[in-house]
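Engineer: The lines below spell out each chain.
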Amino acid sequence: MSTADEPGRGYHDIGGLDYGAVDPVATDMKPWERLSTAISNALGGAGRNYYVTDETRRTREQMGEPLYSDLDYYERSTQSMKMILVEKDYFTEVELEARMKIIEKRMAEARG
Amino acid sequence: MSGDYSPGDKVRVIVTHPPGHRRTPFYIRGKTGVIERRCGAFPNPEELAYGFDGLPRKTLYRVRFNQKEVWSNYEGPAVDTVDVDIFEHWLKPA
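Sequence lines, in order, name chains A and B. Residue 49 in this note's numbering sits at position 49 of the first sequence, with consecutive numbering throughout. Position in the second sequence (from 1) plus 112 gives the number in this note's numbering.
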């Protein structure tokens, strides 16, 4: 039986491992998932060409197994996009954190 | 070039586990199959993954494997196959 901790097997490279049957039920994308996908497409190879698909696959493989396992599909996609944009110096982690705080504050004010 | 293959040629996927972004799945490394078709030549995704241009292009082959060869515990019909797209530098003549 194959196991996930065979030497040389990446944590993402799970073909043939026993994770049971795939659940074929389609679920609607949440609004943030749509937005993130739209941004990713606009910045990627079909848009501004800041990165290509292969780079976002590579960052998924670089984020580390604990994080990779904790995140769902769209969270991984968003995380990998962020890693690439920071790597290419489009913005820094510090700038991103600062911007997120501004947005959180604005949303809190909007809610009243 | 690690080989110029034609449909019907027997090939073996090399066994190596280098770090980095690799497009050849773990489960198919070391397995022997037959060239089904030549898919074309594409920028190397293992280089594109790091922001480089992926040139020179690498030839991508569709390789057909017997399921019993791939999975030691396969219980389906002996004629079952699986096709995997594999770049030239992962293949050796078998």
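Take the hints with a grain of salt, since some may be wrong.
Short, incomplete list of chain A residues facing chain B, as computed with Cβ under 8 Å [stated by the list, open to error]: (1) Asp13; (2) Gly16; (3) Pro31; (4) Val52; (5) Asp54; (6) Arg57; (7) Ala108.
To list a few chain B residues with every Cβ distance to chain A over 10 Å, as calculated [claimed, not checked]: (8) Asp116; (9) Asp121; (10) Arg124; (11) His133; (12) Gly152; (13) Glu158; (14) Ala161; (15) Tyr162; (16) Leu167; (17) Thr171; (18) Leu172; (19) Arg176; (20) Glu200; (21) Pro205; (22) Ala206.
In silico negatives: residues of chain A with every beta carbon more than 10 Å from chain B [unchecked claim]: (23) Gly15; (24) Thr37; (25) Gly44; (26) Glu65; (27) Leu96.
These aren't lab readings, by the way, just hints derived from the structure by calculation. Here the structure is a predicted model, which means the values were calculated and not measured. Ideal Cβ placement from N, Cα and C applies to all residues, glycine included.
Engineer: Which numbered hints are broken by the structure, listed smallest first?
Structural biologist: Going through the list in order, the structure violates hints 3, 7, 11, 13, 14, 15, 23 and respects the others.
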